[in-house]
Amino acid sequence: MFSYVFRRLLGAIPTIFVVVTVCFVMLQLAPGGPFDGERKVSAEVLANLQAKYHMNEPLYKQYGYYLNNLMHGDLGASFRYADWSVNALVANALPISLTVGGIAMILSLAIGVLLGVIAALKQNSLIDYLVMFLGNFGSAVPSFVIGPLLILVFCLWLQLLPFGEFSMTFQYMVLPIALLTLINVATLGRVMRGSLIEVMNSNFIRTARAKGLPMHLIVLRHALKPALLPVVTLLGPLAISSVAQAVVTETMFAIPGLGRLLVNGAINRDYTLVLGLVVLIAVITVLFNLMVDIAYALLDPRIRY
Amino acid sequence: MMFSKSKRQALTQALEHVQIERRSPWADARRRFMKNRAAVVSLVLLGVIAFLIVVGPWVLPHNYEDTDWSALNLAPTWQGGHWFGTDDLGRDLMVRTLVGGRISFMVGILGTLVAVVIGVSWGAIAGFCGGKVDGLMMRFVDVMYALPFMLFAILLMTFFGRNLVLMFVALGAISWLDMARIVRGQTLSIKSKEFIEAARAIGVSRRAIIFRHIVPNLLGVVVVYATVTIPNVILTESVLSFLGLGVQEPMTSWGVLVQEGQQKMDAAPWTLLIPALFLSLTLYCANYVGDGLRDALDPKDR
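These protein sequence lines map, in sequence, to chains A and B.
Taken in order, the first sequence gives residues 1 to 305; the numbers are from the working numbering.
Taken in order, the second sequence gives residues 1 to 302; the numbers are from the working numbering.
Quick caveat, the hints were computed from the structure, so don't treat them as lab data.
One or more of the hints may lead you astray.
Where chain B lies over chain A, by a calculated footprint (3+ residues, C-beta under 8 Å) [to be verified]:
hint : region
1    : 19 to 29
2    : 133 to 145
3    : 257 to 266
4    : 281 to 293
The beta carbon of each residue, even a glycine, is placed where N, CA and C say it ideally should be.
Required output: the full structure, derived from the provided sequences and hints.
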C-alpha cells in the first residue's frame, strides 16, 4: 500500500512539472514587460529593477529562480495590484472559494447519492423522473444560464434574497451554493442511479434476497458500497469541472474568491497573478485526483496495488 | 476496390436480377438513427436554428450594430419590427441573437476542426509508432486530462488577446484529448490488418501509411466524435465570452448576449431569456444528435 501511494506521488510530479514549465514559457512569451508603465522608467532604475528580479540573467537561471520560488511557495508579485503579492491575494480569496465550493460539494454528494438510491430502488417513480430530468437538464443548460435565472426568480421577482456585493453570510451564500449543488447533483444522481441498478441485478444481491434479508439491510450492507465506487471515480472529473464552475459562479455572484481573481487577472492581463493561480489550482487538482485514486484503491478489493 | 472494372460491371449486372434489399453500412446506420426519435427531432430543431442563423441576418431589416434611439429597451412586440425587442442601445435583439449564433456556430465548427486535426495526427502517430513514442505521447494526454481545461482557456486568452481566430485555435487546442485517445485505439486495431502489412511490404513510407492508409479508415469514428465535440466547444466559447474573455463588442455571441442580459435582467428580462433559450436549445439538441449518431454509427457501443 505504502509503495503504491509513493509511486502515485512520484507520478504526479511530471504533471505539475509540465504545468510549471508551460507557465514559465508563457511568461517569457508574453508581450510587454512588467515595468512598461504609464511613466517611463529611467535606464538606471530599470537596470536596478531587473537586477532585483534577476531579469538580466540567462533564461535557464531565471527558470531556476522561478522553480526555487515556487518550491518555497512564493508565487511572485502581482503586475497590476500594486504592493500586493500573489500570495497575499490568494490568502484572501482561497478561504472563500473553499468554503463555498466545499459546502456545495458535501451537499451535492449527500443529495446526489440519496436521490440516486431512491431513483434506482423505485424506478419510474416521481423521484426517478426527477433524477433523469435533472441529469439531462444539467448536461445541456449551462451554469451561466441557470445562475442568472436563479437570481432573476429569487432576488428580483420573489425578492427572497438580497443581491449585490457578496459577504460571507447565509443569505448571500444560498444561491451560489444551490447552483453548484444543482449542477453536481445532476451528474452524481444519474451515475449513482445507474450503478445501483446494476449492483441490484447482480448475483450476490439475489443470494441475499434468497436468504430472506430485509430490503433495507440488503441495500445498506451489501449494495451501497460497491455501488458507490463509480461515484468515487467521478470525484476527480467533478473537481476539475468545479474549477470551471467556480470561475463562472464567482463572476456571476461577485464572490471575491479564486475564480474571480483569475478572471480579473485575465482581463487586466496580470500575467504573474494568472500564472500563479494556474499553478496553484493545477497542483490542488492533481493532489485531489491523487487522493481520489488512493481512496479508490482502498475501497475496491479487486484492485491490487 | 479489389475487382477490376469489367468484373465489377458483371457483378452489378448479375445483382440487378437478384431480389434482395441491399443495405450498405451507411443505410443501416441511417435506419438506426431514424429510429431514435429524440435524435431526429433534435436534428430538425438544429436545422431550423441553423437556417435562421444563416438566413435571418440577411432578411431582417436591421443591422446587428445599428442603434435605434427611438426604441431603447423595447420589449418584444409584433408591431414595429423588433420581434425580440431591443437592448439598452436600441439594437435589435433578434438580429443580434442570430448574428451571435453565427459566431457561436462558427467558433464551434472551426474549433472542432482544429481539435480534429491535432487529435487525429496525435492519436494516429502514437498508435502507429507504438512502444516508447506511444507511451510518452499518451502520458502527455493523461497529464493534460488531469488539469482543468478552463485554466488553459483562460491562460491562452490572457496571453494571446481576444482575437476571434486565436480563440478557436485555443479552443481546438484544448479539446483534442478525447479525439486523440479514440483515434489511437482505432489505429491500434487497423494497424494489424492485412492491407497495412501489404503496404509495408511494398515499401510505403511510414508517413504515407499513417496519413494515406490509416487516417482515411478512421473517418467514421472521427466524424461521430467531432459532432460530440462541437457543442462542447460552443459551450466553452460562451463561457469565455460570458466572462468577458471571448468575443468583444460590438461583435457578439450567445455568451456575450447572456452576460449583457444578466446585467439588465430586472428591467429587461427578455434580453437574458431569449439568447439563453437559443443557446440551451442548441446545446440540448446537439447533444442528442451526437449521441444518436454515436449509437447509430458505432456498433461497439450499442
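These are the hints, each one checked on the structure:
no.	hint	verdict
1	19 to 29	holds (count 4)
2	133 to 145	holds (count 7)
3	257 to 266	holds (count 4)
4	281 to 293	holds (count 5)
Checked against the numbered hints listed earlier, the structure breaks none of them; every hint is satisfied.
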